[in-house]
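Undergrad: Make the complex out of the two chains shown on their own, each in a separate frame, by following the hints.
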Amino acid sequence: MTESPVLPLTRTCPYAPPAEHVQLQQEPVARVTLPDGSQAWALSRLEDIRAMLADPRFSSDRQREGFPLQPPGPRPAPPRQPMIGLDPPEHGEARRAVLGEFTIRRMNALRPRIQQIVDEHVDGLLAGPRPADLVSALALPVPSLVICELLGVPYADHDFFQTRSANLLDRTIPAEKRYAAANEIREYMATLIIQKEKQPTDDLIGRQIAKGADREDLAGLGFLLLLAGHETTGNMISLGVMTLLERPSALAALKQDPAVTPEVVEELLRYFTIAEYVTSRVAREDVEIGGVVIPAGDGVITLGNVANRDPAAFADGDTFDIGRGARHHIAFGFGPHQCLGQNLARVELQIVFDTLFARIPDLRLATTTDELSFKDESTVYGLHSLPVTW
Amino acid sequence: MLQVIADLDRCVGAGQCVLTEPGVFDQDQEDGTVVILDDTPEDERTITRVREAIHICPSRALALAESGASGRTDTP
Ligand code: SF4
Numbered sequence: 001m002t003e004s005p006v007l008p009l010t011r012t013c014p015y016a017p018p019a020e021h022v023q024l025q026q027e028p029v030a031r032v033t034l035p036d037g038s039q040a041w042a043l044s045r046l047e048d049i050r051a052m053l054a055d056p057r058f059s060s061d062r063q064r065e066g067f068p069l070q071p072p073g074p075r076p077a078p079p080r081q082p083m084i085g086l087d088p089p090e091h092g093e094a095r096r097a098v099l100g101e102f103t104i105r106r107m108n109a110l111r112p113r114i115q116q117i118v119d120e121h122v123d124g125l126l127a128g129p130r131p132a133d134l135v136s137a138l139a140l141p142v143p144s145l146v147i148c149e150l151l152g153v154p155y156a157d158h159d160f161f162q163t164r165s166a167n168l169l170d171r172t173i174p175a176e177k178r179y180a181a182a183n184e185i186r187e188y189m190a191t192l193i194i195q196k197e198k199q200p201t202d203d204l205i206g207r208q209i210a211k212g213a214d215r216e217d218l219a220g221l222g223f224l225l226l227l228a229g230h231e232t233t234g235n236m237i238s239l240g241v242m243t244l245l246e247r248p249s250a251l252a253a254l255k256q257d258p259a260v261t262p263e264v265v266e267e268l269l270r271y272f273t274i275a276e277y278v279t280s281r282v283a284r285e286d287v288e289i290g291g292v293v294i295p296a297g298d299g300v301i302t303l304g305n306v307a308n309r310d311p312a313a314f315a316d317g318d319t320f321d322i323g324r325g326a327r328h329h330i331a332f333g334f335g336p337h338q339c340l341g342q343n344l345a346r347v348e349l350q351i352v353f354d355t356l357f358a359r360i361p362d363l364r365l366a367t368t369t370d371e372l373s374f375k376d377e378s379t380v381y382g383l384h385s386l387p388v389t390w
Numbered sequence: 001m002l003q004v005i006a007d008l009d010r011c012v013g014a015g016q017c018v019l020t021e022p023g024v025f026d027q028d029q030e031d032g033t034v035v036i037l038d039d040t041p042e043d044e045r046t047i048t049r050v051r052e053a054i055h056i057c058p059s060r061a062l063a064l065a066e067s068g069a070s071g072r073t074d075t076p
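Chains as they are written, first to last, in the UniProt record's numbering: chain A, 1 to 390; chain B, 1 to 76.
Calculated directly from the structure, the hints in this document are not laboratory data.
One thing to keep in mind: the hints can contain errors.
What the hints assert, rightly or not - Now the in silico label distances, taken between C-beta atoms and shown as ranges:
| id | chain 1 | residue 1 | chain 2 | residue 2 | range |
| --- | --- | --- | --- | --- | --- |
| 1 | A | Glu176 | B | Arg51 | 47 to 53 Å |
| 2 | A | Asp316 | B | Arg51 | 22 to 28 Å |
| 3 | B | Met1 | A | Pro387 | 55 to 61 Å |
| 4 | A | Thr201 | B | Gly23 | 35 to 41 Å |
| 5 | B | Met1 | A | Ala166 | 52 to 58 Å |
| 6 | A | Asp318 | B | Arg51 | 24 to 30 Å |
| 7 | B | Asp43 | A | Ala166 | 47 to 53 Å |
| 8 | A | Glu93 | B | Gly23 | 46 to 52 Å |
| 9 | B | Asp38 | A | Asp214 | 21 to 27 Å |
| 10 | A | Asp318 | B | Asp43 | 52 to 58 Å |
| 11 | A | Gly37 | B | Ala65 | 45 to 51 Å |
Said to hold, decoys possible - Here are the simulated lysine to any residue pairs, SDA-like style, with alpha carbons at most 20 Å apart:
| id | chain 1 | residue 1 | chain 2 | residue 2 |
| --- | --- | --- | --- | --- |
| 12 | A | Lys211 | B | Asp28 |
| 13 | A | Lys211 | B | Gln29 |
| 14 | A | Lys198 | A | Ala182 |
| 15 | A | Lys211 | B | Gln3 |
| 16 | A | Lys255 | A | Gln350 |
Each residue gets a CB set at the ideal place from its N, CA and C atoms; glycine is no exception.
Bound conformation, chain B alone (with noise of 0.2 Å):
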């Protein structure tokens, strides 16, 4: 199973990650980082979304790895 994955050390608030696929991704409201709803999305639209958002990220925060992989994500 594909996992999100996101460094909150590197995001820079630029939510264009946000806009790209709203179901995975929310910004912390306090400091604007990223906060990841869904990090185990499914369905085949959302991950091509998702990888977009991957794409296009200013920082280079976002990942894509297979579940299990080590790596900082937000959810507890």
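One chain only, chain A, in its complex shape (with noise of 0.2 Å):
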């Protein structure tokens, strides 16, 4: 028997997941090895990830015992777990006392204010000097202030909890300052939530405390939003705009016919997952999955990325392909855990596309794919920056 590999593992190509994840594909449900030495197992098949995350005796309790890849020393216990930590039933209830705030109904009607805010900043990329980094200048402000507004957190403060959602999922910095980080932003929850509810405003947090949410279920809330709505739709626009600057065919499609982008959103959400060990989780009773029996208090991972190609699902997955129909893939989990903003997402991704390309037609990478700065050390991948010129 081959030696187990140590995961977390980083990509070599900035288009497919390690090596390494691919080569445990042979081997569907693997054990492998963690950073602090204890073992877990990874699973990279489409259908057994799903079968594992739809299944109860499976937790999502990030403090029970034997969950996989926890920051190392002794764990803070926040006061109450945030939604994405909740088994059933408190999850459920937990979802959906919010879910009304994110049918695709309400994301629609953000469509006009979200389109003002990327017109906004494509006049100032404009505006600005060239070549422009797209990163700072679009892909990461607009899903900011996106999700700031809808959940009524002022914009002016958003330097402020950037930096510490970027310490806070960074794999390379000590455990206390990525928990030192989440604890800042739960306290600035803590006191937005108090000012709301002395001033009612008319937001997701205000209406939260409207309909008597608990105080610190609410901070939990609010600091899990706020974090998912930083770190991900961010960096999927800036791997998307990259991605499609590279291949002109897909993006004359998409040029053309703005029928075509929401495919390519599926698309470019497979062939990325910037974020799979999230979706990890802990057995509560021995459980067969793929034909393997994982004991009792064992975690699992899911390699999100590698199921996400795997060609019993997807043929040719290696091969960015609009017109594969990608929409089972599983970029945004699966399960009652699935993302709860990704249909925001969604709308967010295919107004950036289809504004910038129409507004910038010429636009251009200012550099090559292997001087680009990736997140390799981040839960999230992404891009550092993305240097563009018109």
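TA: Written out as structure tokens, the structure reads:
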């Protein structure tokens, strides 16, 4: 038997999962070693992962013994677990309390405002120097502004939580510093909620307060949504622009017919699967997955990136193909925890790509791909900067 | 005849069904759970898309059954 690989691993090719992940696919339910020396299981087949994530016998509780890939050392337990760490029935209750804020109709109603935000940032890009950094000029600020407005968080504070969310997700900095960052955002949220209790506002947090939400729970929720709204969509925007600029036929198809854009977005989501380790679980009892019995207490990691190229689900999965119909990808996870903000992300990505390439038709990279700096150290994959010109 | 069935207790309001076939699925505007607009679609293309929605629904809340089968639907 070969030595089991140590996860997490980083990509060597920006467009492909780490080679070891791909190798793990030979053994769909594989034993892997984690940085702290403990062992876990890694799943790489799409159907196995879907089955596992939809199975309540696997827990999302990050406090539970055996939950994989937790920062080392004593873990300060938050007063209340945010939704991402809850199991049924608590999870369902918490999720249902905010679901109404994220319906497709609600997200579509946000389109004009998102369009306005995107337009303003494209104006800014056009008025600024060339080359420009697309990450700081557009990819980060757009989703940041949108989630701030939706939640009712003053955008003026975005530097504060942007630096802290980046720290929180950075695997290379000490655990204490990551916990400190998390605490600072949580405290910020708690203060904001107290303010909104005194002066009611019509935004997600304000409406939750009016519905009588528990302050601790709401702080956890605000924290989660703010974090998710910052580090994911922005990275998909910059990776997406990079990818499209290097694939003229896909870009031409998108420019020609707006009906193609949603397909492009799904294929980009599948192709990059920027957050895979967040869908880890721990078995509450012995469960068989893909012919292997995972014993109670064992951690399970999902290699979503490899699974989203599983030949059984996506023919020729290493090829970027906007015509494949990629909607069954698991870039947003699967099961009851599937990303709450996924449809907001879809709307934002669609508007950004449509607007950017329509308004700056000769947009191009101001560098080569091998000179780009990728977020290899982060739990959410992306680009540090993306120099573009026109 | 085929009937579209939704288990509202399982639904986590991801809206994947609405994105797939808005003629058959909608969401409750309060709690985000699925609302079935047409529980017995007849044309083949719609049924194909309903099957796709069943496949991608993250909470496995949807099913197609022979009409008359028991199951919870949200139509009165
Ligand atoms: S896709 Fe499934 S979970 Fe999502 S709204 Fe439809 S029925 Fe509910």
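Undergrad: The structure should be examined with respect to each hint, and the outcome stated for every one.
TA: Quick rundown of the hints versus the structure:
A C-beta distance of roughly 50 Å is found between A/Glu176 and B/Arg51, which places it inside the suggested range of 47 to 53 Å. A/Asp316 and B/Arg51 have their C-beta atoms about 23 Å apart, which keeps the hinted 22 to 28 Å range intact. In this structure the hint that B/Met1 and A/Pro387 lie 55 to 61 Å apart at CB holds, the actual value being about 58 Å. Taken as a hint, the range 35 to 41 Å holds for the pair A/Thr201 and B/Gly23, whose Cβ atoms sit roughly 37 Å apart.
For the pair B/Met1 and A/Ala166, the beta carbons lie near 54 Å from each other, so the given range of 52 to 58 Å is met. Checked against the hint of 24 to 30 Å, the C-beta distance between A/Asp318 and B/Arg51 comes to roughly 27 Å, which is consistent with it. The hint said 47 to 53 Å for the Cβ distance between B/Asp43 and A/Ala166, and at roughly 50 Å that hint holds. Separation of A/Glu93 from B/Gly23 is about 31 Å and departs from the stated range, judged on CB atoms against 46 to 52 Å.
For the hinted restraint 21 to 27 Å between B/Asp38 and A/Asp214, the CB-CB distance of approximately 39 Å leaves it violated. For A/Asp318 and B/Asp43, the Cβ-Cβ distance of about 36 Å falls outside the hinted range of 52 to 58 Å, so the restraint is violated. At roughly 50 Å, the beta-carbon separation of A/Gly37 and B/Ala65 lies within the given 45 to 51 Å, and the hint holds. At roughly 17 Å between alpha-carbon atoms, A/Lys211 and B/Asp28 fall within 20 Å of each other, so this suggested pair holds.
With a CA separation close to 15 Å, the supplied pair A/Lys211 and B/Gln29 stays within the 20 Å bound. As the CA atoms of A/Lys198 and A/Ala182 are separated by approximately 25 Å, the hinted pair breaks the 20 Å bound. The suggested pairing of A/Lys211 with B/Gln3 is violated, with an alpha-carbon distance near 36 Å, which exceeds 20 Å. Proximity of A/Lys255 to A/Gln350 is assessed by CA-CA distance (about 12 Å); at most 20 Å being required, the pair is judged to hold.
Checked against the numbered hints above, the structure violates hints 8, 9, 10, 14 and 15; every other hint is satisfied.
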